[in-house]
Amino acid sequence: MYIKQVELANFRSYNSLKLKLTPGINVFYGINGAGKTNILEAIYCISTGHSFRAAEDSILVRHGREAMMVSVDAVDNGIERNFLLEYDSKARKKSLKVNGTKLSRLSRLVGMVPAVLFSPENIQIVKGEPALRRRLLDDMLSQVDNDYFLTLAKYNKEVAHRNYLLKGIKEGRIRRDSLGVWNTQITQNGIRLLLARFSAVENLNNILQNDLTGDKFSIRLAYTSKNYTVSDEQALRESYTAFFAAKFEEEIARSVTLIGPHRDDIEISYNNMPAKSFSSEGQQRLTTILIKLAEGLLIKSRRGVYPVVLLDDFSSELDEPNSGFIGKTFSLFKQILISTTYKENLRGFSPAKEFIIRDGEAGEMY
Amino acid sequence: MYNYPYKLQKLINEVSRLPGIGPKMAERIALYIMKREPEYTENFKEILDGVKDITLCTRCFNVSDGNICSICAEDNRDRLIMCVLESPEDVVMVERTGKFKGYYHILHGLINPLNNMLAENLRIRELCDRVKGSNGEIKELILAINHTVEGDATALYISELMKEYAAGVKITRLAKGLPTGSDIKYADEITLGQAIVERKEM
Ligand SMILES: Nc1ncnc2c1ncn2[C@@H]1O[C@H](COP(=O)(O)OP(=O)(O)OP(=O)(O)O)[C@@H](O)[C@H]1O
Ligand SMILES: [Mg+2]
Ligand SMILES: [Zn+2]
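Residue numbers (numbering that gives the first Met the number 0), protein chains in the order written: chain A, 0 to 365; chain B, 0 to 201.
Where hints are given, some of them may not hold.
[What the hints assert, rightly or not] Below, simulated DSS-like cross-link-like pairs (lysine-lysine); rule was C-alpha separation at most 30 Å, straight line:
1. A:K96 with B:K175
2. B:K169 with A:K156
3. A:K153 with B:K23
4. B:K23 with A:K89
5. A:K153 with B:K169
6. A:K156 with B:K23
[To be verified] Pairwise CB distance ranges, derived in the manner of DEER restraints:
7. A:A130 with B:N115: 39 to 47 Å
8. A:E343 with B:L113: 54 to 62 Å
9. A:R64 with B:N42: 48 to 56 Å
10. A:G63 with B:G49: 55 to 63 Å
11. A:K126 with B:N115: 52 to 60 Å
12. A:F247 with B:Y164: 23 to 31 Å
13. B:S69 with A:L131: 57 to 65 Å
14. B:S69 with A:K166: 56 to 64 Å
15. B:L17 with A:R174: 33 to 41 Å
[Said to hold, decoys possible] Partial chain B-side listing against chain A, Cβ under 8 Å, derived:
16. L113
17. M116
18. L117
19. E139
20. Y164
Just so you know, the hints here were simulated from the structure itself, not pulled from any lab data.
Cβ atoms here follow ideal geometry from the backbone N, Cα and C, with glycine treated the same way.
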């Protein structure tokens, strides 16, 4: 899939903007605050229904205006479709139309315009809390697997119910045998999520090695849990049963469900050493970008559609060989949109189209 | 600032507390009631007065005018099959399908810990007693409850309980699937996906 045209009205710093993009590498240059990220953000909104950096939709509306819209023409396999996102901050109403027909639920958008985003703060996937790494898998799998998306929503609610019961048991309000069905439910749905995550991690590792890093260096993910190993359904069931028998008191004392996909981590290693503790800033950045690109290739292999690759603030802190190395992998994708401050940041590959962003306008470079 | 006479304000306020009625609509309804002839409000008063006579059927816990509801009072229904529902309004829905000829059991809610609804707050104990008390006459329970987290937990709870107390009873659940009259082309992929997973042999 590639994006042929983006149109913005009252979105962030833009009054109105119309950009024609092409397959291949599209670059947005501009000084700090020019509005480069805003463009990538708009496209991300079309892909997921929400921003990756605004806590609230109203932040996306240009100061002094009431409503914004983003319109994207996306081409998949020669078929062009229009996606129109509108948000009215007065009515607090968001709507999405595909070829003029309104989607009944925003969640139905998931996966229609697949995209992967790298933004500088994503380096936290390597450096930061486990929750960010779980989110990486959850967001990725939700884009490729509807069943995962639905099961995850159910699972999270089941854990919330169960935690509430644990608290009630601790306070003596609730009988200890009330957990039965919730144990069964979180085991069943938890295992469904786990099996999907295990195979995604294996997939990502294969993609990283076969399509991205080759034998030059290695980036590997390892799924880790305190309570089970990467295994099959039967073994996982046994781990859950053993856990419930051994750790019930601890769960009550802490009023938290201590087993399951919401507690796990994914260890990321660079050249066989934990990247979190041993890798340099640049290596961590390289690792993050390559994991994101692997995510893109996984989406491609599972859905049969090329995701649009969004690279925000590319190449800050990447040296020339690494920037060039990543540039070479771009040929594996249909369309890449890159924002960066200066042209000199991009070495080792040539853009198909370049824009200079200035004062809420975009000028095409020839 | 001007406002309506006090008694009218009170009426508007009471009407606006009804489910699904906002302040504007409450105003319209209240003014409508006010303008009607005295017989109308007299009659309304009597109807409201009669509400206290509506109770729950002691057998199935459906709403009822007396001890036993009109459905439980019907003798010629199928005694082998029972339909378990979340709330009384579901009975009307199932009856309208004309596809079910057995008796009902109303749970009055679903297991929902976050809303402080536990199994013991529902009519599950009574369901168990009914099935056990039928001495094997009841062969099948249809759990016609939603496919939500709370519905799943409730269905699971009941089926485990039945394994313990009435092992021979068959437990079924409504299929998730396509609404009739719907065109596959326009079904969302979630519904269509579920319909495929839960397909039936022909
Ligand atoms: N709702 C809004 N209304 C008007 N202007 C906004 C709004 N939100 C953000 N801006 C403006 O948009 C600009 C930021 O745009 P953006 O984040 O795209 O910059 P950038 O080009 O990516 O810069 P950098 O190189 O620093 O990352 C800021 O000048 C900010 O004031
Ligand atoms: Mg930026
Ligand atoms: Zn009855």
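Quick rundown of the hints versus the structure:
Taking the CA atoms of K96 of chain A and K175 of chain B, the gap is about 27 Å. The hint holds against a cut of 30 Å. Our distance criterion of 30 Å between C-alpha atoms is met by K169 of chain B and K156 of chain A, whose separation comes to about 29 Å. Restraint check for K153 of chain A and K23 of chain B: not satisfied, since their Cα atoms lie roughly 37 Å apart, outside the 30 Å limit. Between the alpha carbons of K23 of chain B and K89 of chain A the distance comes to roughly 19 Å, so the proposed pair stays at or under 30 Å and holds.
Among the hinted pairs, K153 of chain A with K169 of chain B is consistent with the structure: their alpha-carbon atoms are about 26 Å apart, no more than 30 Å. For the hint linking K156 of chain A to K23 of chain B, the alpha-carbon distance of about 35 Å lies beyond 30 Å, and the restraint is violated. Taken as a hint, the range 39 to 47 Å is violated for the pair A130 of chain A and N115 of chain B, whose Cβ atoms sit roughly 29 Å apart. Between E343 of chain A and L113 of chain B, the C-beta spacing of about 55 Å keeps the proposed range 54 to 62 Å intact.
Roughly 54 Å separates the CB atoms of R64 of chain A and N42 of chain B, a value that falls within the hinted 48 to 56 Å. Against the hinted window of 55 to 63 Å, the Cβ-Cβ separation of G63 of chain A and G49 of chain B comes to about 58 Å, which satisfies the hint. Distance hint check for K126 of chain A and N115 of chain B: the Cβ-Cβ separation is about 41 Å, which falls outside the suggested range of 52 to 60 Å. Hint check: F247 of chain A to Y164 of chain B, Cβ distance near 25 Å, so the stated range 23 to 31 Å holds.
Separated by about 59 Å at the C-beta atoms, S69 of chain B and L131 of chain A satisfy the suggested range of 57 to 65 Å. Our hint of 56 to 64 Å for S69 of chain B and K166 of chain A is violated, since their Cβ atoms are close to 43 Å apart. Distance hint check for L17 of chain B and R174 of chain A: the Cβ-Cβ separation is about 36 Å, which falls inside the suggested range of 33 to 41 Å. The beta carbon of L113 of chain B is positioned within 8 Å of a beta carbon in chain A (closest approach about 5 Å), and the interface hint is therefore held.
A distance limit of 8 Å between C-beta atoms decides the matter here; for M116 of chain B the minimum to chain A is near 10 Å, and the interface restraint is violated. Taking 8 Å as the C-beta contact cut-off toward chain A, the hint placing L117 of chain B at the interface holds, the least distance being around 6 Å. For E139 of chain B, the shortest C-beta to C-beta distance to chain A is roughly 21 Å, which exceeds 8 Å, and the interface hint is violated. Interface restraint check: Y164 of chain B against chain A, minimum CB-CB distance 15 Å, threshold 8 Å, status violated.
Checked against the numbered hints above, the structure violates hints 3, 6, 7, 11, 14, 17, 19, 20; every other hint is satisfied.
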